[in-house]
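S.K.: Sequence:
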Amino acid sequence: MPGTCRPIITEPNPVLRRRSEEVLASSIPSAEIRKVIADLKATLAQSEDGIGIAAPQIGISLRIFVVSEEAKFVDRRSSTAKEVKKNWEPYVYINPEIKKFSVKKSESIEGCLSLPGKFGIVSRPDKISIEALDEHGQKIHHGASKFFARVLQHEMDHLNGILFIDKATRFVNVAKNNDRL
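Position in the sequence shown counted from 1, then plus 854, gives you this note's numbering.
No wet-lab data here; the hints were simulated from the structure.
Glycine included, every Cβ here is placed at the ideal spot set by N, Cα and C.
Any given hint could be a false lead.
With a straight-line Cα cutoff of 30 Å, these simulated DSSO-like cross-link-like pairs (lysine-lysine) come out [unchecked claim]:
id	residue 1	residue 2
1	K889	K959
2	K993	K889
3	K972	K958
4	K889	K953
5	K993	K959
6	K981	K1021
7	K1021	K895
8	K958	K889
9	K958	K1000
10	K1021	K953
11	K959	K972
12	K926	K1000
13	K895	K953
14	K1000	K959
15	K993	K958
16	K926	K954
17	K993	K981
18	K993	K954
19	K889	K926
20	K958	K926
21	K972	K954
22	K1021	K959
23	K981	K953
24	K981	K895
25	K895	K993
Between beta-carbon pairs, the in silico distance windows are [said to hold, decoys possible]:
id	residue 1	residue 2	range
26	F1025	P861	23 to 31 Å
27	D980	T858	30 to 38 Å
28	T1023	S999	15 to 23 Å
29	G1015	E961	21 to 29 Å
Construct the entire structure; sequences and hints are all you get.
M.R.: See below:
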């Protein structure tokens, strides 16, 4: 099912501040949920700076988010390496739960498609373990570290009505940033 690029909901829209509803596993094959997933993928693909997007960011209060495979490779890039265009695979997380957090945390800059032009320093665990259903209703469980872990936590926050500005220790000015989540 082809998706439609939807407008990204921005703060102060109340959908961004609500805890999203669980998705019944039996409804994952439904046309409604397939459309939400397709629209999330299409919207993320059309986003210039986004690397992840949650359903509330397109106005849908369901516990679904999509993260680009690119998030796994950000830490491996050389800061001087030229960006290589690639068709990154979108990973779908339905009803995700973070099962474990590392004690070690790191601060890094975050931005958000729902808060254009705002950037802040946020402290998050370096490593996590996440469990969810994929777009086929299959249970997935994996670990993530560094930037990939940060993106997953950022998107998870969206499902709980939390924005990065709620966790930022300070805000920064950034001319152009590739860390928008």
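S.K.: Taking the hints in turn, state whether each one holds.
M.R.: Hints, verified against the model:
1. K889 x K959: It is violated: about 36 Å lies between the C-alpha atoms, which goes past 30 Å.
2. K993 x K889: holds, 20 Å
3. K972 x K958: The hint holds at about 26 Å.
4. K889 x K953: holds, 28 Å
5. K993 x K959: holds, 27 Å
6. K981 x K1021: Satisfied, since the Cα-Cα distance of roughly 18 Å is no more than 30 Å.
7. K1021 x K895: holds, 26 Å
8. K958 x K889: At roughly 38 Å apart (the allowed maximum being 30 Å), K889 and K958 break the hint.
9. K958 x K1000: holds, 11 Å
10. K1021 x K953: holds, 20 Å
11. K959 x K972: Given pair K959, K972 holds - Cα atoms ~22 Å apart, limit 30 Å.
12. K926 x K1000: holds, 9 Å
13. K895 x K953: Answer holds: K895 to K953 is near 25 Å, not above 30 Å.
14. K1000 x K959: It holds: about 9 Å lies between the C-alpha atoms, which stays within 30 Å.
15. K993 x K958: holds, 27 Å
16. K926 x K954: holds, 18 Å
17. K993 x K981: With a Cα-Cα distance of about 20 Å, the restraint between K993 and K981 holds, given a limit of 30 Å.
18. K993 x K954: holds, 17 Å
19. K889 x K926: holds, 26 Å
20. K958 x K926: holds, 19 Å
21. K972 x K954: Holds, at about 29 Å.
22. K1021 x K959: Within the cut-off at roughly 13 Å; holds.
23. K981 x K953: holds, 11 Å
24. K981 x K895: Answer holds: K981 to K895 is near 25 Å, not above 30 Å.
25. K895 x K993: holds, 20 Å
26. F1025 x P861: 23 to 31 Å: holds, 25 Å
27. D980 x T858: 30 to 38 Å: holds, 36 Å
28. T1023 x S999: 15 to 23 Å: holds, 21 Å
29. G1015 x E961: 21 to 29 Å: holds, 23 Å
The structure is inconsistent with the numbered hints 1 and 8, although it conforms to all the rest.
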